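First to last, the protein sequences are chains U and F.
Heads up: the first sequence begins at 1 in the numbering used here, then just goes up one per residue.
Heads up: the second sequence begins at 1001 in the numbering used here, then just goes up one per residue.
There's no promise every hint is true.
[Claimed, not checked] Covered, in the sense of this in silico footprint (three residues per stretch, anywhere, with C-beta under 8 Å from a C-beta of chain U), are these stretches of chain F:
# : stretch
1 : 1031-1040
2 : 1133-1142
3 : 1196-1203
4 : 1254-1260
[As the list claims (entries may be wrong)] Short derived list, chain F residues pointing at chain U, Cβ under 8 Å:
# : residue
5 : Ser1077
6 : Gly1123
7 : Ser1193
In short, the hints are calculated from the structure, not lab data.
Quick caveat, the model's predicted, so the values are computed rather than measured.
Every residue gets a Cβ at the ideal spot worked out from N, C-alpha and C, and that includes glycine.
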Amino acid sequence: MRTEATPGSLGAYDEMVDDSGAPRAGMGTVADVLTRLGAEGLSERARLRDAYLDRQGITFSLSGRERPLPLDLVPRVVGAEEWDRVEKGIVQRIKALEMFLADVYGPGEILDEGVVPRRLVTTSNHYHRAAYGLVPPNGVRIAVAGIDLIRDEAGVFRVLEDNLRCPSGVSYVLENRRTLAHVLPEVFAGAQVRPVAEYPERLLDALRAAAPSDVSDPTIAVLTPGVHNSAHFEHAFLARRMGAELVEGRDLFCRDDRLWMRTVRGARPIHVVYRRIDDDFLDPVHFVPNSLLGVPGLLNAARAGNVAIANAVGNGVADDKAIYPYVPAMIRYYLGEEALLPNVDTYDLSDDDQRHHVIANLARMVVKPVDGSGGYGLVIGSSATEEQLAEVARTIEGDPRQWIAQPIVTLSTCPTVVKEGAVEPRHVDLRPFAVNDGDEIFVLPGGLTRVALPKGSLVVNSSQGGGSKDTWVLDEGDRVVDDEGRPTPPRVTRVRRSAVARQSAPVSADERLRQQEGQQQQTLQPYAALPQGLPADGGDAPC
Amino acid sequence: MLSRLAESFYWIGRYLERAEATSRLLAEHYHLTVEDRSVPDDVASVVVLDALSLPHDVVTTPTELVRSLLGDIANPSTVIGSVAAARENARSVRDALSGDVFEALNGAHLTLTRGLTAAASPGASMFRVLERLMVVNGAIEWTMPRDEGHFFLSLGRALERIDMTSRLLDVRHDLVWPDTGPVAALRSAAGLSAFLRTGEAPTGDMVREFLVLDPTFPRSMLHSAQRAEAAVRGLQTLGGVDDGELVREVGLMRSRLEFAGGSHDPAIIDQLVHDTQLSGVSTAAAVAAAYFRQAGTIVWSH
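Using the sequences plus the hints, can you model the full thing?
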């Protein structure tokens, strides 16, 4: 099926069909199913999906209200080769960012050589001197990363931003797959999709590897701000799927430079804390002094080497949007390679010439706060009023270090089910998730595709009314496939037939009596007779 | 209690458990075959049919498999057939059941026979089955007196659970779907969370050992054997006529599992699954011999 370009998506890369109008790899079956179901069928499936999500309690909180993350019925498909490039690019980027963090919280060589301006690092809100010289037990600071990608007008994947603090959304990647398989199983028929379910296991492995080296069987805890946090579903999901403890600050205390949790069997040590609360609230001894969410003394325990904190404290300096333009230079500096995934052009507003250029062309820019997330504070020039633009200009002049500007990039589009089962193109981005265990950086195939649901909108954040899509990476490698696209030969090595037959209630004298009663009435209810069992080869033989 | 009533209670327990375990197995199997397409459809169906000791001459795709195992009312191996059979047994002991139990079971039967096959997806069907069965089980637990009727029902449920868990293990998820199978097996037994709390990684061998030997998980073979033994002993204390054969069978089954722990040898686990499956059958035969089989009915012939 052909998705028509809308005025808002002029020139956008279409992920469903190529320039000739033919479906791209893997989209053929999807297109067929959409056509076959039609608007009515899709509406029916949408109801089924809503009931499923409600029942499962797969929610996020928006302005204090719990609601299901809107999952679109049409999957987003990424080809095997395309994904290969993305994966390599993400691994490369995280390697460089790890080296950067080790550098700026240590010798600072990259700053001495002027590759990254020292002033940007020292003025970053997330450069924490409390973390200086604090080296994690296995050296990993970025245990989990979410790298936001977009596809530009030419279809090239570009990095829009890095998330190296508490990237969220991976639970929806897993749940979206299960939900789509539940409500729209037909679309899976034509494709071999790489599974995503192994993520919690990978994360657990990485967290275990992060433990202090003298602990053989570490206790892992997920630290959540509590049930009122917007991502609480995800915190509980990950803890459950890893078999880890889900703890809040009030469950924990530090003593003798060790971290403990209060249990019914007394205090128990925690060796690795996967924290999902911000640095500022993590340890009132060093940061916000009246924080009730964190644990006093946690940083000292980490510095003593008795507990590992993942992700590390102070990672925010590396995903600061004013540092972002220098990531390709970091990759060159540390790895001697060119960046495999290009950045989006970005203006450094603390540079006078660049700032003047941006302010003169605000209507064609996207302006973002350097440490914002969730789309808060973001202004898209083309859809802002004159007054708003003037206000933005004043704000930038007031504190240029807190803002960056980028030319507007038209995000690629995917067909999306909108009102009453109609299918229209909507803009999407992609957040792949990566896990670093110190030996290997694992990139989960796919990631969270977020979709801007209002027509023409370029803002995909779930906190701004965005939805999500199940994201497929096609598996086209190293399998022998037959004519129907199925792998051959099957990997079944041994199948055992159960030794005993199923038993069923014997047809007894009582049953014969009942049959006679039934015959007397000249009718037999379909289930008036106790059902006959199957031929028995071991169990109770029905008479 | 009349032997006839006792037998009906026992079969209510068995059929309710069979309906629940089968619908879990089917729903997860369907999910698995949708998400992991590394195994051809007919092979995927055959491994389930074989484990359930069902013939596999007609069924090929997962959809057909699920539809046929949900739907056939005359076949007690299907979900609806099991619920119908449980309800049929409940009718014959209606005077001995609490109103809540009969109404819940009758309601389950009505709802499921009217609309189960029409549900949009196997997962949705499973939800409906589980929802109804949970109500029945809740009514059984909190309105039935703990007398012979409850013991027979519990005994039937425990023996069926042993049987169904052994069949789930016979599917050999770990061999057929090496990547996704072990977790699917856990989900089929509603045991994923329980397993993950143990802190072990869900490898094929660890999952099998858990489903056989975990002492705290209600669907493990060991736990079910303990429940079966408790029911048998309960009947004895109420003056049951068991001559010792049933106590011996069920005790043997439980102790074989209980004292096999800690070996971590997959071959031993496989053997235990096999032996316990057979033990379940001989225990069931001993139940029938001790409590249900009266002197042969006298039939006049001309």
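Consistency of the hints with the structure:
1. 1031-1040: holds (count 8)
2. 1133-1142: The restraint on the stretch 1133-1142 of chain F is violated, since only 0 of its residues have a Cβ under 8 Å from chain U and three are required.
3. 1196-1203: holds (count 7)
4. 1254-1260: The restraint on the stretch 1254-1260 of chain F is violated, since only 0 of its residues have a Cβ under 8 Å from chain U and three are required.
5. Ser1077: With a minimum Cβ separation of about 5 Å from chain U (threshold 8 Å), the hint on serine 1077(F) holds.
6. Gly1123: Hint on glycine 1123(F): holds, closest Cβ of chain U at ~4 Å, below 8 Å.
7. Ser1193: 6 Å, holds
Hints 2 and 4 from the list above are not met by this structure, while the remaining hints are.
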